[in-house]
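These protein sequence lines map, in sequence, to chains A and B. Using my numbering, you'd call the opening residue of the first sequence number 1 and step up by one each time. Using my numbering, you'd call the opening residue of the second sequence number 1 and step up by one each time.
Quick caveat, the hints were computed from the structure, so don't treat them as lab data. Among the hints, a few may not be true.
For chains that are exact copies, the list does not tell them apart, and a pair is met inside one copy or across any two.
Below, in silico cross-link-like pairs of lysine-lysine (DSS-like), each with a Cα-Cα straight-line distance of 30 angstroms or less [said to hold, decoys possible]:
(1) Lys12 <-> Lys109
(2) Lys29 <-> Lys102
(3) Lys83 <-> Lys29
(4) Lys109 <-> Lys83
(5) Lys102 <-> Lys143
(6) Lys12 <-> Lys143
(7) Lys12 <-> Lys131
(8) Lys109 <-> Lys207
(9) Lys15 <-> Lys109
(10) Lys143 <-> Lys207
Protein chains: 2
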Amino acid sequence: MCPHALIPYKPKNPKTRLSSVLEPEEREKLASAMLEDVLQLMREMCCMPVVVATELFENEVVQITVADADLNQTLNEILPDTKRDLLIIMADLPLADAASIKRVLATDKDMAIVPGRGGGTNVIYLREPWKFRVNYYGASFLKHLQIAEDARFSVEVIDSFRLHTDIDEPEDLVELLIHGTGRSRACLGDLGFVLSDEKGRVGVQRKR
Amino acid sequence: MCPHALIPYKPKNPKTRLSSVLEPEEREKLASAMLEDVLQLMREMCCMPVVVATELFENEVVQITVADADLNQTLNEILPDTKRDLLIIMADLPLADAASIKRVLATDKDMAIVPGRGGGTNVIYLREPWKFRVNYYGASFLKHLQIAEDARFSVEVIDSFRLHTDIDEPEDLVELLIHGTGRSRACLGDLGFVLSDEKGRVGVQRKR
Numbered sequence: 001m002c003p004h005a006l007i008p009y010k011p012k013n014p015k016t017r018l019s020s021v022l023e024p025e026e027r028e029k030l031a032s033a034m035l036e037d038v039l040q041l042m043r044e045m046c047c048m049p050v051v052v053a054t055e056l057f058e059n060e061v062v063q064i065t066v067a068d069a070d071l072n073q074t075l076n077e078i079l080p081d082t083k084r085d086l087l088i089i090m091a092d093l094p095l096a097d098a099a100s101i102k103r104v105l106a107t108d109k110d111m112a113i114v115p116g117r118g119g120g121t122n123v124i125y126l127r128e129p130w131k132f133r134v135n136y137y138g139a140s141f142l143k144h145l146q147i148a149e150d151a152r153f154s155v156e157v158i159d160s161f162r163l164h165t166d167i168d169e170p171e172d173l174v175e176l177l178i179h180g181t182g183r184s185r186a187c188l189g190d191l192g193f194v195l196s197d198e199k200g201r202v203g204v205q206r207k208r
Numbered sequence: 001m002c003p004h005a006l007i008p009y010k011p012k013n014p015k016t017r018l019s020s021v022l023e024p025e026e027r028e029k030l031a032s033a034m035l036e037d038v039l040q041l042m043r044e045m046c047c048m049p050v051v052v053a054t055e056l057f058e059n060e061v062v063q064i065t066v067a068d069a070d071l072n073q074t075l076n077e078i079l080p081d082t083k084r085d086l087l088i089i090m091a092d093l094p095l096a097d098a099a100s101i102k103r104v105l106a107t108d109k110d111m112a113i114v115p116g117r118g119g120g121t122n123v124i125y126l127r128e129p130w131k132f133r134v135n136y137y138g139a140s141f142l143k144h145l146q147i148a149e150d151a152r153f154s155v156e157v158i159d160s161f162r163l164h165t166d167i168d169e170p171e172d173l174v175e176l177l178i179h180g181t182g183r184s185r186a187c188l189g190d191l192g193f194v195l196s197d198e199k200g201r202v203g204v205q206r207k208r
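Pulled out of the complex, with its shape left as it was, chain A reads as follows (with noise of 0.2 angstroms):
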């Protein structure tokens, strides 16, 4: 009943899409935050997890480490050896909360998926992980909806704008500041960072 969750996280120069709001240190500092959040909530949701990260990083957390552009490979190593049930989710994703994962994970089919924004894929959870692999990067979700067919699995995808909301631009910052409630909520706070309303759309300006 406790599935293993792997979780790719890159530790240095993460998030470079967000250079133009943040510095080097100060993106590590949220990328780490974020990370924290969900491995908090795999905690909470009775997953065990594994981090596969770009080099090892100061936490206690089991790693993997493997180059950025290895990931797939790595992951369809790991994946014919795991004869249980498995998550695969982003580290990046702190809008998840404890329902969310939830619904995931209460699947009745063979493979549960949350698209990303940009038609990425944030969350994956598979019945039988030794019939799949994993093809990220691109329009990831169309493709790991291909595989699932060429496996016969039967697939649901979860309707969650929680998974769905990848931080990756300046504008998915609105969306941690208004929807978020943990560590990396706090950290985009001590950053300076508040919501901004100019002329009717919203974003996020900083108070330094």
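Chain A is fixed; fit chain B onto it per the hints.
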């Protein structure tokens, strides 16, 4: 059991934030297709649509005409006299489907609300609309939560990316191409839009 569904809609010069990729008449065509998708869904869900539009437009649906700036005022004149449950849903939600609307209508709270991307409000369902008032524009999601609290309403926030994704910006078209199924998706295809995958990031490009 069949609530009215108020649908704010702008038939002329809509979706100006799509101006960089769509001509004015194309924006009108897409906005009209999105409205049609929402109207069809409302009828399927046994909701009686009433479009609150900035001018009269060709369609047999019941229409109320109101200046754009007066949307809040108009809705707030309707609410006190609405003595049964009411749905207010935006016209630019082409990913809305029966399952997501069912979750909204099935709430056991006084109000169900779905945040839009960027702090807006995409859907509100009210069991006692006469006790509520709306305040759209800007971070309306937070304002509506506050108004609900002031009215001592219990509130359910519906976690749906399909209802969260309003089509406002060019990058939102990616979501419509990937997840859309109705007339709006077909309209975008007719206009020549296809997914593009550049260095691992998904966008749209136009083949003319």
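> Taking each numbered hint in turn, which are not upheld by the structure, reported in ascending numerical order?
Replying inline: 1, 3, 7, 8, 9
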